[in-house]
Amino acid sequence: MKTRSTKAAAALAGAMVSVALVATGCSKGADTPADKPAVTEITFWSWLRASQEVTDAFNKTHTDVQVKFEQIPGGAEGYGKLTNAVKAGNAPDVATVEYAMLPDMLAQGNLADVSGDITDLVKSKYPAPIQELVTLGGKTWTVPLDAGAMVMFYRKDLFEQHKIAVPKTWDEFKTAAEAVKKADPKSRITDWNQTDSANFVSLNWQAGAKWFGIEGDSWKVTLDSPESQKVAGYWQDLITKDLVTNVPAEEVQKRKAANQVWTQLGGAWAAGGLKAGLPDQAGKWASAPLPSWDANPASAMVGGSSFGVSKTSKKKDAALTFITWMTTTPEGIQARLASGASSTLPAIPELADVAAKNFDTKFFGGQDIYAVAKAALPTIKTGWVWGPGMRGVFDGIGEQFKLVQTGKQQLPAVYAPVQTKTIEDLKGRGINAS
Amino acid sequence: MPPTRSGLARRQYGVAALFTAPFFLLFFAFTLAPIGYGAWLSLHREQTSGLGLGGEPEQVFVGLDNFTRALTDGRFLGSFATVGVYCLVYIPIMIGIALLLALLLDSVYARAKRFFQLALYLPNIVPGLIAAMIWTYLYTPGLSPIIDALAKVGVPFNLGSDAGAVGAVANLTIWMHTGYNVIIFFAALQAVPREVIEASTVDGAGQIRIAWSVKAPMIRGAVVLAVLFTVIGAMQLFTEPFIVRDAATTIDQAWTPSLYIYQLTKAYDMGGAAAASLILTVVLAVASFLVTRFSKKGAAL
Chain A
1 MKTRSTKAAA
11 ALAGAMVSVA
21 LVATGCSKGA
31 DTPADKPAVT
41 EITFWSWLRA
51 SQEVTDAFNK
61 THTDVQVKFE
71 QIPGGAEGYG
81 KLTNAVKAGN
91 APDVATVEYA
101 MLPDMLAQGN
111 LADVSGDITD
121 LVKSKYPAPI
131 QELVTLGGKT
141 WTVPLDAGAM
151 VMFYRKDLFE
161 QHKIAVPKTW
171 DEFKTAAEAV
181 KKADPKSRIT
191 DWNQTDSANF
201 VSLNWQAGAK
211 WFGIEGDSWK
221 VTLDSPESQK
231 VAGYWQDLIT
241 KDLVTNVPAE
251 EVQKRKAANQ
261 VWTQLGGAWA
271 AGGLKAGLPD
281 QAGKWASAPL
291 PSWDANPASA
301 MVGGSSFGVS
311 KTSKKKDAAL
321 TFITWMTTTP
331 EGIQARLASG
341 ASSTLPAIPE
351 LADVAAKNFD
361 TKFFGGQDIY
371 AVAKAALPTI
381 KTGWVWGPGM
391 RGVFDGIGEQ
401 FKLVQTGKQQ
411 LPAVYAPVQT
421 KTIEDLKGRG
431 INAS
Chain B
1 MPPTRSGLAR
11 RQYGVAALFT
21 APFFLLFFAF
31 TLAPIGYGAW
41 LSLHREQTSG
51 LGLGGEPEQV
61 FVGLDNFTRA
71 LTDGRFLGSF
81 ATVGVYCLVY
91 IPIMIGIALL
101 LALLLDSVYA
111 RAKRFFQLAL
121 YLPNIVPGLI
131 AAMIWTYLYT
141 PGLSPIIDAL
151 AKVGVPFNLG
161 SDAGAVGAVA
171 NLTIWMHTGY
181 NVIIFFAALQ
191 AVPREVIEAS
201 TVDGAGQIRI
211 AWSVKAPMIR
221 GAVVLAVLFT
231 VIGAMQLFTE
241 PFIVRDAATT
251 IDQAWTPSLY
261 IYQLTKAYDM
271 GGAAAASLIL
281 TVVLAVASFL
291 VTRFSKKGAA
301 L
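From first to last, the protein sequence lines stand for chains A and B.
Just so we're aligned, residue 1 is where the first sequence starts under the UniProt record's numbering, counting upward by one.
Just so we're aligned, residue 1 is where the second sequence starts under the UniProt record's numbering, counting upward by one.
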């Protein structure tokens, strides 16, 4: 008797599960135009500033697609989370991918091939160098948002007060560094940030280094090159002469607040962070082109993001609707900039003007920092390619920086071990590299 | 008619199964299955080909290669050395302080026992992550009043040195875990029969003598258990160095076995990470066996 009732219960439970399965099956099949559901809900992962505001604005103006935004950490943590989620089958529909991380995300198989849907869009709207960043193996993988053209933010008030010329070349930068230290022994021209290696990588790019290249069916990894050595030698000299701060990140922030850090190198997007982090210094900052190695202005890209559809997404069309709106429409850009938190430089030239109009420049004393960033775009050194394993490269360089900070290692020596390790890691993953 | 013997036994069997089933279900789902998956992963390696743009990597069987790689990696072996040094510093100090405080609390002179129990336990309530962040600030020169004060009296604390890093992490974990062990020891002390203590008082033993020669030996079991748990916890050290490394330059990505494993997962080397995890598990099992074995022998003497 007892056994039978257990069996009956099991059968009932089984029946309920299968009903539920059928029900799910129905809603899945509902993508056919005949009974299209009124609203498709998609999820979106990002760490970019103002992502919530962008999502809200989209949801307000769209009825067929609704987006749920989830904040994730940036950097290695965030990409790890995405990789795991794709494996587990619960990844978001829309993922944020920095240009530097695109090859790595492709090697992990995290992104859906949407080239059929976006190639024409990307080819028609974006400048060629930006297109290159999202095109790999002949396919366009993601839709670009911004161009992280590297510039130099500086304390206009302090430079003027002490009559120090704003440096245009790296030679002048060194002279200015000496002048800054002389003007105030507690101040330095900039911080040598050992915990975030992204800026340093881009300084190598600016000098003409090409860390990754494709030779046939194999990656060529060349971190250690004469161009890289030039950059490392220059900065090691500044560190040795105590012309830049060489302290942990927490203390750097404190020194910035105390007016002891006079410039900050960074992508155009870094203006938003500067504004948020140092509200007391409003009106005192300005933006200038990145100092160059010769008289010709040159820049590089640091950061810069694009959006792709994750491999596990079953709502490709809805995801692309949202991505396209975010990246290529004035409304999408306006929503991002209006919050005041983001200083993104849109990769589409016309939209850069929309951004400039929406960015509150009070912090920069009314200066049109977008003009500076836009002018930097065409000066970005061409030929740089991001490769798989950048996560390891950023990490590895960061690890070496720690040794540099304590004086156990000199900057010119940081490349070789990371290069060896990167090639070894790639080979271990079955990727051809040398 | 009373039920037959075998019928009763069978029914009891069913009831027992009903009550133990949830445990075994969870034990299987959250302990055995993950270990099994880990073992499977440890024998495989993710592989793509060509430029790596071909899509999802495949799991390729590599035999014991992941284990050989881990066991021949100097950084992995070095991480055990770090933890060894850390244990030598951390365990005697932490257990020693905890025992001393528990004996003080248990002594006849102790006042406000409840308050001190609570106060000593408080750091343990703070999540490890938060504690590590607070201490990281306290370790950062220029931000920390303590470091600046120490430097002024001529005791510079250099987080950038190897000894400084071990000291910093040990100090943080001692701060966190001492209170917990005080509570354990104090509870054990409460169970020491009062007549034994009275007898020693009658025999003319002073408070210190009683604490050292009577009470401490009688809570030996609790101390051994605390050491065992501490050893196991210490070898899995992760959160504290992970956070403190922002300020401590010598804490690298392979400072402890757990950090080494984490760093492998970041390089998408799940097979290597799984193999290293299993090796760590075996080492932990051996270490706990040795601790219990050693202490049993000691107890028999």
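The hints are simulated quantities; they were obtained by calculation from the structure and are not laboratory data.
Don't take each hint at face value.
The following residues of chain A were derived to be distant from chain B, with all beta-carbon distances above 10 Å [to be verified]:
id, residue
1, K60
2, G137
3, G233
4, T406
5, I431
DSSO-like, lysine-lysine: derived pairs with alpha carbons at most 27 Å apart [claimed, not checked]:
id, chain 1, residue 1, chain 2, residue 2
6, A, K181, B, K266
7, A, K408, A, K125
8, A, K408, A, K181
9, B, K113, A, K408
10, A, K81, B, K152
Distance ranges between label pairs, derived from CB positions [unchecked claim]:
id, chain 1, residue 1, chain 2, residue 2, range
11, A, D353, B, G50, 54 to 64 Å
12, B, Q59, A, E350, 14 to 24 Å
13, B, G74, A, T222, 44 to 54 Å
14, A, P226, B, F27, 34 to 44 Å
15, A, E424, B, G142, 30 to 40 Å
What you are looking at is a predicted structure, and each value in this text was computed from that prediction instead of being measured.
From the three backbone atoms N, C-alpha and C, an ideal C-beta is built for every residue, glycine too.
Which of the numbered hints above does this structure break? 2, 4, 5, 6, 7, 9, 10, 11, 12, 13 and 14
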